[in-house]
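Those protein sequences? They're chains A and B, same order as listed. This note's numbering numbers the first residue of the first sequence as 1 and each following residue consecutively. This note's numbering numbers the first residue of the second sequence as 1 and each following residue consecutively.
No lab work stands behind these hints: they were computed from the structure. There could be a bad hint or two in this list.
Okay, derived cross-link-like pairs now, DSSO-like style, lysine-lysine, Cα gap no bigger than 30 angstroms in a straight line [said to hold, decoys possible]:
hint, chain 1, residue 1, chain 2, residue 2
1, B, K70, A, K9
2, B, K98, A, K18
3, A, K19, B, K70
4, B, K70, B, K98
Here are a few chain B residues that face chain A, going by a calculated C-beta distance under 7 angstroms [stated by the list, open to error]:
hint, residue
5, F9
6, F88
7, A103
Which chain A residues stay away from chain B? Per the calculated CB distances, all over 10 angstroms, these [said to hold, decoys possible]:
hint, residue
8, K22
9, I56
10, P66
11, P83
12, P108
The beta-carbon is built from N, C-alpha and C at its ideal position, and this holds for glycine as well.
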Amino acid sequence: DTEVTQTPKHLVMGMTNKKSLKCEQHMGHRAMYWYKQKAKKPPELMFVYSYEKLSINESVPSRFSPECPNSSLLNLHLHALQPEDSALYLCASSQERRGRAYEQYFGPGTRLTVT
Amino acid sequence: GEDVEQSLFLSVREGDSSVINCTYTDSSSTYLYWYKQEPGAGLQLLTYIFSNMDMKQDQRLTVLLNKKDKHLSLRIADTQTGDSAIYFCAELNTGGFKTIFGAGTRLFVKA
Chain A
1 DTEVTQTPKH
11 LVMGMTNKKS
21 LKCEQHMGHR
31 AMYWYKQKAK
41 KPPELMFVYS
51 YEKLSINESV
61 PSRFSPECPN
71 SSLLNLHLHA
81 LQPEDSALYL
91 CASSQERRGR
101 AYEQYFGPGT
111 RLTVT
Chain B
1 GEDVEQSLFL
11 SVREGDSSVI
21 NCTYTDSSST
31 YLYWYKQEPG
41 AGLQLLTYIF
51 SNMDMKQDQR
61 LTVLLNKKDK
71 HLSLRIADTQ
81 TGDSAIYFCA
91 ELNTGGFKTI
101 FGAGTRLFVK
111 A
């Protein structure tokens with residue numbers, strides 16, 4: 001099973017709302033990632049969790065708050081977003097051994113629209 | 001720094017072979033990946049090759065690596081309309097977690 005699931009599939013939120021994106025994998029992967037992808041662009045890395053600890057934050061604004069409750073789950077909490085934050089948000093996971101990661105498996109994404 | 005470049009567009013006829021090219025800059029040991037993205041979907045891992053290999057074949061897919069020129073290609077044999085998608089070349093340095101993606105090649109298959 002190489003499946004990464006993400007919910008919701010689509011999300012429309014106002015600039016004053018608080019919402020969360022969820023990601024789940026059952027491949028036993030210990031590294032999990034959040035990416036942001038704008039139309040016709042490659043994914044941009046936002047956060048990396050390694051063994052449930054935040055390993056990389058790519059200078060992401062604090063209105064995005066990641067959380068890794070356990071080794072299978074990854075959340076992205078959203079608050080006071082801007083219209084330019086509208087994008088496809090992708091979750092990915094990978095094996096990790098001795099501090100290095102391997103090929104990433106991506107979820108289907110959440111299409112976020114901020115109004 | 002690390003960079004991955006690829007051509008942006010390729011159009012082929014159904015049944016022909018497609019060749020998508022990519023260049024990378026990292027000179028250390030690395031994994032090189034090909035991902036496929038269909039409209040509105042996530043990225044699907046197609047295949048990958050380690051930087052000490054020359055070639056990898058997986059059914060209709062052939063990956064060729066020229067280490068001297070840091071050039072990677074993905075050949076799709078007998079291209080079908082279902083192969084129409086964006087193909088991303090990506091590089092992962094063995095030292096870390098960051099995968100560097102190319103801009104993506106949009107493959108259009110004409111029936």
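Each hint, compared with the structure:
no. : hint          : verdict
1   : B:K70 / A:K9  : violated, 38 angstroms
2   : B:K98 / A:K18 : holds, 29 angstroms
3   : A:K19 / B:K70 : violated, 43 angstroms
4   : B:K70 / B:K98 : holds, 19 angstroms
5   : F9            : violated, 11 angstroms
6   : F88           : holds, 6 angstroms
7   : A103          : holds, 6 angstroms
8   : K22           : holds, 15 angstroms
9   : I56           : violated, 6 angstroms
10  : P66           : holds, 14 angstroms
11  : P83           : holds, 20 angstroms
12  : P108          : violated, 4 angstroms
In this structure, the earlier hints numbered 1, 3, 5, 9, 12 are contradicted, and the remaining ones agree with it.
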